[in-house]
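*Asks:* Given the coordinates of chain A, assemble chain B onto it according to the supplied hints.
There are 2 protein chains.
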Amino acid sequence: MSLLVVGTVAFDAIETPFGKTDKIVGGAASYIGLAASYFLRDIQLVSVIGDDFPEAFLNTLKSQGVGLEGLQIKKGEKSFFWSGKYHNDLNSRDTLETQLNVLEHFDPVVPASAKESDFLMLGNLAPMVQQKVINQLTKRPKLIVLDTMNFWMDIAMDDLMKTIAMIDVLTINDSEARQLSGEYSLVKAAQKILKMGPKVLVIKKGEHGALLFNKEEVFFAPALPLEEVYDPTGAGDSFAGGFIGYLAKTKDISFDNMKRAIIFGSAMASFTVEKFGTERLIGLSQEDVDDRVQEFVDLVQFDISLV
Amino acid sequence: MSLLVVGTVAFDAIETPFGKTDKIVGGAASYIGLAASYFLRDIQLVSVIGDDFPEAFLNTLKSQGVGLEGLQIKKGEKSFFWSGKYHNDLNSRDTLETQLNVLEHFDPVVPASAKESDFLMLGNLAPMVQQKVINQLTKRPKLIVLDTMNFWMDIAMDDLMKTIAMIDVLTINDSEARQLSGEYSLVKAAQKILKMGPKVLVIKKGEHGALLFNKEEVFFAPALPLEEVYDPTGAGDSFAGGFIGYLAKTKDISFDNMKRAIIFGSAMASFTVEKFGTERLIGLSQEDVDDRVQEFVDLVQFDISLV
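Chains A and B supply the protein sequences, listed in that same order.
Number 307 marks the last residue of the first sequence (this note's numbering); no jumps.
Number 614 marks the last residue of the second sequence (this note's numbering); no jumps.
Check before you lean on any hint, since a few could be wrong.
The following residues of chain A were derived to be distant from chain B, with all beta-carbon distances above 10 Å [to be verified]: (1) Phe57; (2) Gly182; (3) Val218; (4) Pro232; (5) Asp252; (6) Ser254; (7) Asp256; (8) Leu284; (9) Asp288.
Label-pair distances were calculated between CB atoms; the ranges are [claimed, not checked]: (10) A:Glu295 to B:Ser592: 33 to 43 Å; (11) A:Lys215 to B:Glu581: 16 to 26 Å; (12) B:Met464 to A:Ser254: 37 to 47 Å; (13) B:Asn398 to A:Asp154: 36 to 46 Å; (14) B:Asp396 to A:Thr138: 40 to 50 Å; (15) A:Asn257 to B:Asp466: 45 to 55 Å; (16) A:Thr138 to B:Ser592: 50 to 60 Å; (17) B:Asp461 to A:Arg93: 39 to 49 Å.
Hints are computed from structural coordinates only; laboratory data are not their basis.
Only a predicted model underlies this, so the values are computations on that prediction, with no experimental measurement involved.
Glycine included, each C-beta is placed from N, C-alpha and C at the ideal position.
Just chain A, same shape as in the assembly (with noise of 0.2 Å):
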């Protein structure tokens, strides 16, 4: 299976209750990438940066099989910038900085070779962007997920409504779907957006795990108590990639197959959040992805029969 990603390939300045960095390598598309490349190697990548982006970065992702054909690099322009500040729970931040630079015009090119992918992911930018890869494509994929945040509801509603009318699994956080929705209650918030289009709902938080919506049906899965959480930043993207490389791995997409991708996705974010940036999930062996999948099977495993 092939799988294509869309989203940002940027620069971070972050600053957590643990430390704060200097410009890093970030992007939702670089976790992504990375987090599926565990996953399958068939991946393509479409996104934008300027050149002052380092070079050891976009090999870093090509030796983790993360094609780069659709990768615009502008010449003398400037990478996406954001900077924040997490407060004390990690639960929320404030954007002290960003910088559009190159993203303020992308104009997202699919490559020829990735025109029939069998399985997309629209990691979260403007939703306009996100609906023209999607109509760039000429064969409909197996599978869209798409993530998005506040930011775009408060904006471009209209846009997103309309983008998620065309996709199959919609991730956003718990703040995210009681805005969207209207309703508190996240099973009332879950049933109201399936009816926008998506036939699956991720619910993410943090934290607090994950939850799985189809209009049926609702599965819940925990995030790892860690004893070292340093920077959340990318946990959402790399659970993304996590879920969706899993999807793609297995050509499964019932729901059953979904409990278990949002496993590996969680087991993804677990490492992500180990340390600042992209660090944590370079160089992973396949025994540390199923050694972490082990720890969140053990964690809420229990047995009991009713009579």
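*Replies:* Chain B only, in chain A's frame:
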């Protein structure tokens, strides 16, 4: 097995985003006793009320098998009263009013019939009062579970430390675990707290579930995503009642059985929050409880075989 429950029997006035109540019956021991009564009937309650308390609720407790020999009724005095308002997210609240009334000079007296109870549940109260109960017992219970809150950490930390050194299982919420340990990471917090005496720690995370720790293991139980959450008051107490009730019924205090007990406790809490006050905990059938537990099983069940 016999269970001794200690805690408040009191009045609450509650405001949530979904409505408000006048004075209704509440109190930790009311919720604990009712929740535990679905698992065993040999329950004694130690508490204090004024002569303003409705006879009907006392009869309800008795009809559920909760013995009231240890309930002091103070003539001419008023019952403990708490009034609070929940924030929109239902995870935090402001206390509007607290009238200690009979609680101000509460001197618990364990009735002779309960001095050899097999299980002891110490609901939230002044740590010295909790300790006085332990000291009146003529036989060390098989298991002592203690619930407490940040208030006692603020004003009676020394007493609290002495009391929790005497017990087996401590139940607190996540911010209290952080306060008690001085550690942000719940994993580190748990390990520090387990050095203070308890063999097992339960960290309650409200709508985000609960974590169970001993020195070697960790288990996570989700909260059920509910369509309607009206009033979180008493959820933690109902959880504790279901937890210790299940353990007492099954006579098994192993970590594996505590995993099951946490699911039963979570099930009882999930009923409580569906209505104001204790209403939902009255008149449940065994089938209601079993069906609810089955929903938890379905919620987290997945099947991953790692090669």
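*Asks:* If a hint holds in the structure, say so; if it does not, say that too.
*Replies:* Taking the hints in turn, this is what the structure says about them:
{"no.": "1", "hint": "Phe57", "in the structure": "29 Å, holds"}
{"no.": "2", "hint": "Gly182", "in the structure": "13 Å, holds"}
{"no.": "3", "hint": "Val218", "in the structure": "6 Å, violated"}
{"no.": "4", "hint": "Pro232", "in the structure": "13 Å, holds"}
{"no.": "5", "hint": "Asp252", "in the structure": "13 Å, holds"}
{"no.": "6", "hint": "Ser254", "in the structure": "12 Å, holds"}
{"no.": "7", "hint": "Asp256", "in the structure": "8 Å, violated"}
{"no.": "8", "hint": "Leu284", "in the structure": "15 Å, holds"}
{"no.": "9", "hint": "Asp288", "in the structure": "12 Å, holds"}
{"no.": "10", "hint": "A:Glu295 to B:Ser592: 33 to 43 Å", "in the structure": "38 Å, holds"}
{"no.": "11", "hint": "A:Lys215 to B:Glu581: 16 to 26 Å", "in the structure": "22 Å, holds"}
{"no.": "12", "hint": "B:Met464 to A:Ser254: 37 to 47 Å", "in the structure": "52 Å, violated"}
{"no.": "13", "hint": "B:Asn398 to A:Asp154: 36 to 46 Å", "in the structure": "24 Å, violated"}
{"no.": "14", "hint": "B:Asp396 to A:Thr138: 40 to 50 Å", "in the structure": "45 Å, holds"}
{"no.": "15", "hint": "A:Asn257 to B:Asp466: 45 to 55 Å", "in the structure": "53 Å, holds"}
{"no.": "16", "hint": "A:Thr138 to B:Ser592: 50 to 60 Å", "in the structure": "58 Å, holds"}
{"no.": "17", "hint": "B:Asp461 to A:Arg93: 39 to 49 Å", "in the structure": "28 Å, violated"}
Violated hints, listed in ascending order, are 3, 7, 12, 13 and 17; each of the other numbered hints is respected by the structure.
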